[in-house]
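Engineer: In order, the protein sequences belong to chains S and V. For what it's worth, the numbering used here labels the leading residue of the first sequence as 277, then goes sequentially. For what it's worth, the numbering used here labels the leading residue of the second sequence as 47, then goes sequentially.
Worth double-checking, as some hints may not be accurate.
In silico DMTMM-like links for lysine to aspartate or glutamate, alpha-carbon gap of 20 angstroms or less [claimed, not checked]:
no. : chain 1 : residue 1 : chain 2 : residue 2
1   : S       : K323      : V       : E193
2   : S       : K313      : V       : D163
3   : S       : K313      : V       : D136
4   : S       : K313      : V       : D160
5   : V       : K124      : S       : E333
6   : S       : K300      : V       : D163
7   : S       : K326      : V       : D163
8   : V       : K56       : V       : D163
9   : S       : K323      : V       : D136
10  : S       : K298      : V       : E126
11  : S       : K323      : S       : E334
12  : S       : K300      : S       : E339
13  : V       : K122      : S       : D342
14  : V       : K50       : V       : D136
15  : S       : K298      : V       : D136
16  : S       : K278      : V       : E128
17  : S       : K300      : V       : E123
18  : S       : K300      : V       : E126
19  : V       : K50       : V       : D160
20  : S       : K300      : V       : D127
21  : S       : K298      : V       : D127
22  : V       : K50       : V       : D163
23  : S       : K298      : S       : D342
24  : S       : K323      : S       : E333
25  : S       : K323      : V       : D127
26  : S       : K326      : V       : D136
27  : S       : K313      : V       : D127
Quick caveat, the hints were computed from the structure, so don't treat them as lab data.
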Amino acid sequence: MKNNIRVERAIKNMTQAELAEKVKVSRQTINSIESNKYIPSTVLALKIAKVFGKPLEEIFMLESKDMK
Amino acid sequence: MGSKYLFPYKSRFVGIGLILLHIPIRAIWEYLYPGLGEHHLPVKPGDSVLFTNQHLFSITSAILMLVGLFLIAFSKEKIEDEQIAQLRLDSLRWSIYLNYLILLLSLIFTNGIDFIDILRLNLWVPLLFFIIRFRWVLFRLNRSLTEEKN
Numbered sequence: 277m278k279n280n281i282r283v284e285r286a287i288k289n290m291t292q293a294e295l296a297e298k299v300k301v302s303r304q305t306i307n308s309i310e311s312n313k314y315i316p317s318t319v320l321a322l323k324i325a326k327v328f329g330k331p332l333e334e335i336f337m338l339e340s341k342d343m344k
Numbered sequence: 047m048g049s050k051y052l053f054p055y056k057s058r059f060v061g062i063g064l065i066l067l068h069i070p071i072r073a074i075w076e077y078l079y080p081g082l083g084e085h086h087l088p089v090k091p092g093d094s095v096l097f098t099n100q101h102l103f104s105i106t107s108a109i110l111m112l113v114g115l116f117l118i119a120f121s122k123e124k125i126e127d128e129q130i131a132q133l134r135l136d137s138l139r140w141s142i143y144l145n146y147l148i149l150l151l152s153l154i155f156t157n158g159i160d161f162i163d164i165l166r167l168n169l170w171v172p173l174l175f176f177i178i179r180f181r182w183v184l185f186r187l188n189r190s191l192t193e194e195k196n
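Produce the entire structure from the sequences given, and follow the hints as far as they go.
Structural biologist: Take a look at the structure:
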C-alpha cells in the first residue's frame, strides 16, 4: 500500500508533528507510514483522511503487489 | 496488546529503581554467604527448609529484580500508539522464540541437575531479551526520524 500523506501535508502546510498530534499518534508513526514502513489500522487511516478532508482512496492506494 | 493492560509510563523508573535496589541486597547476601550463590535453591535432600535467612535474601533479591524487569518491560511509552503496540508484540514473539530455543537446546544437551539452572535462567531470559529487542527497535525508529529531518 502506498500513500500521499507527504503531498497532502505539503498542501495543507502541516508538519509531521502537527498531523501526529491531530490523530493522536507519535511522530515516528506518521514518519513510518509516509516512508511505507508501517501500514496504519483502518481507524488511523480514516482519521488521517478526515484531517485532510478527503476520501480514503485519495490518500491511500493499493499497489499491484498487494493483490498477489 | 491493548494498552490498558500496561503499567503507566512512570513505572518504568520504579522498575529501574528496584533493579538498582536489588544490587546491594545481592551484594550483602554474597558477603554473608560466600559461595552459596550458585545453589541457593533447596534441591538437596534434607535441605528443604523454607524461609531461612539465605532463602529470604535470595527470594527478596529475585523478586525485586523480577518486578523491576516486569515494570520496565510492560510500562507504556510516553506516546503509546498502534505502531508501538505492534513492535511490542513483535518483540514479545521473538523473546518467546529465543526462550523456547534455549529450553529445547538445554533439554537435548543437559541432564537433571543442570536443567534446574536452565529453569532459573528461564526466569530472566524472556523479559530481558524482550526489553533489549523492544528498546532496540524503538531506538532504530527514533534514529530514522532524525535522519529524515537532516
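Engineer: Each hint: holds or not?
Structural biologist: Verification of the supplied hints:
no., hint, result
1, S:K323 x V:E193, "27 angstroms, violated"
2, S:K313 x V:D163, "41 angstroms, violated"
3, S:K313 x V:D136, "15 angstroms, holds"
4, S:K313 x V:D160, "44 angstroms, violated"
5, V:K124 x S:E333, "31 angstroms, violated"
6, S:K300 x V:D163, "46 angstroms, violated"
7, S:K326 x V:D163, "56 angstroms, violated"
8, V:K56 x V:D163, "33 angstroms, violated"
9, S:K323 x V:D136, "25 angstroms, violated"
10, S:K298 x V:E126, "14 angstroms, holds"
11, S:K323 x S:E334, "13 angstroms, holds"
12, S:K300 x S:E339, "27 angstroms, violated"
13, V:K122 x S:D342, "32 angstroms, violated"
14, V:K50 x V:D136, "18 angstroms, holds"
15, S:K298 x V:D136, "27 angstroms, violated"
16, S:K278 x V:E128, "18 angstroms, holds"
17, S:K300 x V:E123, "13 angstroms, holds"
18, S:K300 x V:E126, "9 angstroms, holds"
19, V:K50 x V:D160, "39 angstroms, violated"
20, S:K300 x V:D127, "8 angstroms, holds"
21, S:K298 x V:D127, "13 angstroms, holds"
22, V:K50 x V:D163, "35 angstroms, violated"
23, S:K298 x S:D342, "28 angstroms, violated"
24, S:K323 x S:E333, "13 angstroms, holds"
25, S:K323 x V:D127, "14 angstroms, holds"
26, S:K326 x V:D136, "29 angstroms, violated"
27, S:K313 x V:D127, "15 angstroms, holds"
Checked against the numbered hints given earlier, the structure breaks hints 1, 2, 4, 5, 6, 7, 8, 9, 12, 13, 15, 19, 22, 23 and 26 and satisfies all the rest.
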